[in-house]
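Peer 1: Full structure from sequences and hints, please.
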Amino acid sequence: MKKRCWSLALAMLLALSCCCIPAAAAMDYGLIYDETEQLSSEAVQKLGEDVLPVFSDQLDLQIQVDVLTNWTEGDIAGDAAEIYDRFNYGYGEDHRGVTLTLGVEYDEAETRVTMSGDNWCVYVGGTDEALTGSSLAADVTAAVAPYLTPKYWGGDLDVTRSALALAVNAMAGAIRNTLQGSDDVLTDLTDGLLTGESADSAGIYVYDLADLFSYEEWKQLEEQAETLSQKYGCGIYAVIVDDYTAYGSGSAADVAEYLYDNNDLGLGEQQNGILLLLSMAERDYSLYVSGETAEYAFNTYARKQLADEFLDEFGENDWAGGIGEYITASGAYLDGAADGKPVRESPIYRIAFGIGMGCFVAFVVCMILKRKMSSVHIGMSAGEYVAAGGLTLTESYDRYTHTTETRRSVKNDSDSGSSGGGGKRSSSGKF
Amino acid sequence: MPAQVTNYKCPSCTGPLHFVGASGKLECDYCGSTFDVAEIEARYADKEQAAVQAQRQAEENAAQSADSGEWDASGLSTDWGADAQDMKSYTCPSCGAELICDASTAATSCPYCGNPTVVPGQFSGALRPDYVIPFKLSKEDAVKALKKHYQKNPFLPRSFTSGNHVQEIRGIYVPFWMFDGEADGSARYEATRSRTYKRGSEEITETEHYDVYRAGSLAFEKVPVDASGKMPDAHMDSIEPYDYEELKPFSTAYLPGFLADKYDVTVEDSRERADTRCKNTLGTALYHTVQGYDTCVPVHQNVSLKRGRVHYALMPVWMLNTKWNGREFLFAMNGQTGKLVGDLPMSWGKFWALFAAIAVPLSTALTLWLML
Chain A
5 MKKRCWSLAL
15 AMLLALSCCC
25 IPAAAAMDYG
35 LIYDETEQLS
45 SEAVQKLGED
55 VLPVFSDQLD
65 LQIQVDVLTN
75 WTEGDIAGDA
85 AEIYDRFNYG
95 YGEDHRGVTL
105 TLGVEYDEAE
115 TRVTMSGDNW
125 CVYVGGTDEA
135 LTGSSLAADV
145 TAAVAPYLTP
155 KYWGGDLDVT
165 RSALALAVNA
175 MAGAIRNTLQ
185 GSDDVLTDLT
195 DGLLTGESAD
205 SAGIYVYDLA
215 DLFSYEEWKQ
225 LEEQAETLSQ
235 KYGCGIYAVI
245 VDDYTAYGSG
255 SAADVAEYLY
265 DNNDLGLGEQ
275 QNGILLLLSM
285 AERDYSLYVS
295 GETAEYAFNT
305 YARKQLADEF
315 LDEFGENDWA
325 GGIGEYITAS
335 GAYLDGAADG
345 KPVRESPIYR
355 IAFGIGMGCF
365 VAFVVCMILK
375 RKMSSVHIGM
385 SAGEYVAAGG
395 LTLTESYDRY
405 THTTETRRSV
415 KNDSDSGSSG
425 GGGKRSSSGK
435 F
Chain B
1142 MPAQVTNYKC
1152 PSCTGPLHFV
1162 GASGKLECDY
1172 CGSTFDVAEI
1182 EARYADKEQA
1192 AVQAQRQAEE
1202 NAAQSADSGE
1212 WDASGLSTDW
1222 GADAQDMKSY
1232 TCPSCGAELI
1242 CDASTAATSC
1252 PYCGNPTVVP
1262 GQFSGALRPD
1272 YVIPFKLSKE
1282 DAVKALKKHY
1292 QKNPFLPRSF
1302 TSGNHVQEIR
1312 GIYVPFWMFD
1322 GEADGSARYE
1332 ATRSRTYKRG
1342 SEEITETEHY
1352 DVYRAGSLAF
1362 EKVPVDASGK
1372 MPDAHMDSIE
1382 PYDYEELKPF
1392 STAYLPGFLA
1402 DKYDVTVEDS
1412 RERADTRCKN
1422 TLGTALYHTV
1432 QGYDTCVPVH
1442 QNVSLKRGRV
1452 HYALMPVWML
1462 NTKWNGREFL
1472 FAMNGQTGKL
1482 VGDLPMSWGK
1492 FWALFAAIAV
1502 PLSTALTLWL
1512 ML
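Residue numbers (my numbering), protein chains in the order written: chain A, 5 to 435; chain B, 1142 to 1513.
Read the hints as simulated data drawn from the structure, not as lab findings. For glycine and all other residues, C-beta sits at the position ideal for the given N, C-alpha and C. Treat each hint with caution, since some may be false.
Heads up, simulated EDC-like pairs for lysine to aspartate or glutamate below, C-alpha to C-alpha not over 16 Å straight-line [claimed, not checked]: (1) 1285(B) to 1309(B); (2) 434(A) to 1343(B); (3) 1389(B) to 1182(B); (4) 1447(B) to 1416(B); (5) 376(A) to 1484(B); (6) 1280(B) to 1309(B); (7) 1480(B) to 1378(B); (8) 434(A) to 246(A); (9) 434(A) to 286(A); (10) 434(A) to 312(A); (11) 434(A) to 1344(B); (12) 1464(B) to 1484(B); (13) 1289(B) to 1484(B); (14) 434(A) to 320(A); (15) 374(A) to 1484(B); (16) 1339(B) to 286(A); (17) 1339(B) to 409(A); (18) 308(A) to 349(A).
Just so you have them, the derived chain B footprint on chain A, three or more residues with Cβ under 8 Å [what the hints assert, rightly or not]: (19) 380-389; (20) 406-412.
Peer 2: Here you go:
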């Protein structure tokens, strides 16, 4: 109801302003305002017309997305604040609301929407100090950032539409996660978020947030990952960041899990997928697996073998080659799992070790018993005949001479077991 | 003519006396009367002295008669070969039988009348032992100990325990030299202490090296070395230690009923074994003073020995001989503490059967656990 009121008000204002000021052409997809008129997709419309209004009503909070083609260079935040006030955004007396404002350039000839640098911002408006002083702005910013890198906003329009849909989806999810702890009513707000087929069709698989790839390299990797992911119903994701600590707390494995869950990655109902997180700062990597299909294809041994396939390329700083190897190998592992032949460690080593250890213990026990049968030996000591007083030390010293140091390069691999009951697995290490 | 040997006879019934370890007294085989060692010792002191003189006289006569030779014994051979040096003959004072025994035999029993017989001359003068540890355990105790030795040996062939027979059990007072002395020495070691930590992708091990020096001395009392060439050294070493609290001043009254030998290995020949044991003990004691290191490697050791007194003692040993499958097995038991030693035969079939009995289930369980 509120959504319709505000849309109508906006339309009337625009109509009134049409007399004096030429209004830029724009399209509304519910609570998503698009001045380029090029970013509509099924996912964007669903989000703008269904998801955001429901969230807004339940949270008594206007969730608005504005894609602007006219904005102030270097001051997108100021534009966001001005628009918020000018168009009276926000619900209730406190004008509670949160907006995502994107400053883009539309090249009509090339049919391309681009966004460079940091021409976007998240703005929390209104006078409710509990809202403006909370971590909502920071949480939403962190959630949408991966989808607003220039790479997704500089080329293929389909990619840009997908990126917008994912950004909005992430924004809604972040708002829900931040605010739902304060009201039990909000705990069931999952309807409408991009899941299932909607999410599957809107996917980005390779997130180059460290800007290592050229557009052509990224495009090739993206297509490769998408093809294999759709074929096996299991997402193959790669996220490359400068420093994973900027995306969450804990270890690289923790951040990988966080990114996977909070961005609703994965295909199918079980959100099947494997995610490779590369952090360039300390050269950390983490492989995260979710869903029954992925867990079957990528058990602990398989993840170790998979890592061995691509770590060599990373060791030589061949990033595109390494990600390509990762995607290709993941596809092969999924193919084997689909045929009922997943990558598994040969049992022969475990059998040999088990038999060897059993025989060794048995041999030791038998030799100890055999030794008891020989009780005759020449005496070599006279400890029982030492006179009272024992040893008299006349001189003793311990002199430090020098220190030696040896260094050994180790692979800092670690495996963590399942977390919770979801059957999720992760492996991490250095590259 | 005084006899060279002495039979200890019961004052009540003139039956043969033998020393009983359990009671510490001499008992009569016939009437069961018991007598204190000191009492019998005093009673037979003169006889022993006479026996000693008789032996010396006999030895002198043997030397003289060889030169004079009244009878024409040219056709007879007196060449006993190498055995002659090791043989001596005595006359049993009880039945008159001639006893021929080892030159070092000091106590035995007459093979004809069974009387325990002591040759005090073997222990006279400089040859007299300083100490004796009397037998505490009997022949029956020795047999029991042997049976217990067989038990709990899973690799012992079954036919050994069932078909094995004790051929001979002898209670023997074995002569020992006991050395007092002091070992004085020094040793140098190279010791290290390490710590390991990780830095980035490297594992770093820092090892501190130390030059360690220790010098000291260790005094020893009565380190025993058996002085009988007939007794296997390994068996005698293995039944140690004896409880020196029960060392008694020597008396031949402890000998009846048992065999006894005088020494035939000199102090000089025995000394090296005692030296080795003392040096090793000092080396070990110095090594154990080096504490607090991860590794300690001896680099150099120097030990010298100061010689002290040497004591001569007789120690009680039960020797048991068995035979099985044509092989002789020798067991020795400490006649005071009861410690019994002796190598046992092994059944390789039982060895591999036990090996399989442990290896198969353990390997199966380990493999199943690893496959999970």
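Peer 1: None of the hints should be skipped; say for each whether it holds.
Peer 2: Now for the hints, and whether the structure bears them out:
1. 1285(B) to 1309(B): Roughly 14 Å separates the two Cα atoms, so the pair holds.
2. 434(A) to 1343(B): holds, 11 Å
3. 1389(B) to 1182(B): holds, 14 Å
4. 1447(B) to 1416(B): holds, 10 Å
5. 376(A) to 1484(B): holds, 9 Å
6. 1280(B) to 1309(B): holds, 11 Å
7. 1480(B) to 1378(B): Since the Cα atoms of residue 1480(B) and residue 1378(B) sit roughly 11 Å apart, the hinted pair holds (cutoff 16 Å).
8. 434(A) to 246(A): It holds: about 14 Å lies between the C-alpha atoms, which stays within 16 Å.
9. 434(A) to 286(A): holds, 8 Å
10. 434(A) to 312(A): The hint holds at about 12 Å.
11. 434(A) to 1344(B): This hinted pair holds, its Cα atoms lying about 14 Å apart.
12. 1464(B) to 1484(B): holds, 13 Å
13. 1289(B) to 1484(B): holds, 14 Å
14. 434(A) to 320(A): holds, 13 Å
15. 374(A) to 1484(B): The hint holds at about 11 Å.
16. 1339(B) to 286(A): The given pair, whose Cα atoms are some 15 Å apart, holds under the 16 Å limit.
17. 1339(B) to 409(A): Holds. Residue 1339(B) to residue 409(A) sits at ~13 Å (cutoff 16 Å).
18. 308(A) to 349(A): holds, 10 Å
19. 380-389: holds (count 10)
20. 406-412: With 7 residues closer than 8 Å to chain B, the segment 406-412 of chain A meets the three-residue bar; holds.
In terms of the numbered hints stated before, the structure departs from none.
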